[in-house]
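Protein chains: 2
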Amino acid sequence: MRQSASLLITGGSGFTGRCACQHFQKLGWEVTAVVRNKGVGIQGVKVIACDLTKREAVESIIHNIKPDYILHLAGVNSVHNSWDSPLASIEGNVLSTLYLLETVRRLNNQSRIIIVGSALQYNQGDKPLHPYSVSKTMQVQLAEHWEHLFDMDIVMTKPTNLIGPGPSKGICSLIAEEIASQEQVKGTPSLHINDLSAKRDFLDVRDVVRAYDLIFQHGKKGKLYEIGSGQMRSLGEVVDHYQRLTELPILIEELRSNSSEELPSVNNENIYELGWKPVKSFRSSLVDILQYYRQSRKND
Amino acid sequence: MRQSASLLITGGSGFTGRCACQHFQKLGWEVTAVVRNKGVGIQGVKVIACDLTKREAVESIIHNIKPDYILHLAGVNSVHNSWDSPLASIEGNVLSTLYLLETVRRLNNQSRIIIVGSALQYNQGDKPLHPYSVSKTMQVQLAEHWEHLFDMDIVMTKPTNLIGPGPSKGICSLIAEEIASQEQVKGTPSLHINDLSAKRDFLDVRDVVRAYDLIFQHGKKGKLYEIGSGQMRSLGEVVDHYQRLTELPILIEELRSNSSEELPSVNNENIYELGWKPVKSFRSSLVDILQYYRQSRKND
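For the protein sequence lines, the chains are A and B, in the order given. Reminder that position 101 of the first sequence reads as 101 in the UniProt record's numbering, one-by-one numbering, no gaps. Reminder that position 171 of the second sequence reads as 171 in the UniProt record's numbering, one-by-one numbering, no gaps.
Rather than coming from a laboratory, the hints here were simulated on the basis of the structure. No residue lacks a Cβ here, since even glycine has one placed at the ideal position from N, Cα and C.
Listing some non-contacts, in silico: residues in chain B with all C-beta distances to chain A over 10 Å: (1) Gly-166; (2) Glu-273; (3) Val-287.
Taking CB as the label site, the calculated pair distances span: (4) B:Phe-150 / A:Leu-107: 33 to 39 Å; (5) A:Gly-230 / B:Phe-150: 33 to 39 Å; (6) B:Glu-262 / A:Glu-56: 39 to 45 Å.
Please build the complete structure, drawing on both the sequences and the hints.
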């Protein structure tokens, strides 16, 4: 069964999506990736371009594929844009999830579905800090309710800040991209960072994909799995690490205009119970990211 | 200002909607009612037929009317149907509200908006009992967040079980309709009731409309107003009251197959602070309901 399991990955061309496609395709799963834009290719994987905020499009995909597993990574992920286009955040995160769950339910499909929340969700009783937080919180609430009301095989996850080689817009990628770019011209990598003392739990994207794999196999329906490295690191630490990986002196200008959003530490308890632990060291992730951008520069 | 205030009432042809149209139109407000089906007329009121789950339709109405006040009564209100069509509940209650709020926000319109929740919302930490509960809870959450994130003039309300003359499908109307129908043929009014001991807070629809009026004038932005009579009455009491209003003996068969949903008592504190209190006695509401159906029968 495992060898021929059919898996639908939404957001297949994103940072986590590409890594997940590669992981499950290597294991012999039949992977179909849903991507937003036409013309995107992913090696070894069937690709369908689709706007998941259109109900008919979602229905057509699920009816055709009838997947055993669904990894729902697609979404609208910018906090900044959510202020201008809150509707796009709600439609992209809540409505797309509703259409997905409803189609699976009405088809009596027994798919195990992984819903991917965010560390930026707000806690019960708190006020959300931005529309993006509203959209991710409602997305996960909806999934929890559908699991409970309709007894569907849905598992919730909340990954932390994901890093690693690939098309990411995270801070670790931005710094590496600047270093690789300046290395070519023997310039000075220089960056503006909001708050060097702000702490984040960084986890390699390959580790989170291994967690999704374990959850598909052994995760408990209705449960929420927080997934992180368990270590909070300041952005200053990130810069220090990179400084040891390049010969150029990195110039950082710190902006303290906005205070950054404080994030709670990750509660890894549930995912540890499945036997998961991160295997990529923080340093090796940064090395791989820098290598990814150095290679991209060479290929340009 | 008050005399020429422009008011948009969505769900204008519904039970509360018709009563609200009449109330505000009599006060000299310029009332526009949005209704679902074409061909519906409401005396003294401009009527627009529109599907509020279509974004463009909502935008067109708000752009044309630019209302000073919006009473958002429209929605999909059946608990029973929400099991078969949860999508319709979410679209009809959450999405329509999102489109309404977003259109007002993007137009920089300063409308005071009343959002109408339900006694069947679930409490934080509890599990919802049906998809309808999910939809009403999310609707009110969304309104609370938009008030807070975008500083909009939104007030939340949670009315209890509304009764009174007019097209209602509530238990008080069902009993009265059966009595009026049997009075014509000298038959025996007979009803199946799930649980005679189940208690509800019944409030006359005319009293709730007076509360909405007060909230438009003096309500506090961002606040939640629960609105009820403050008295819990069993369905057995309702039957006893009706028995005193008809000469026919009422036959009740009690079904105890499903236990009915227990509802908490209403916390009227916030609305009492505005100087509101219910003026219709429970008995006079029942008399008016029975009169409404006796009259309808005569007119048939």
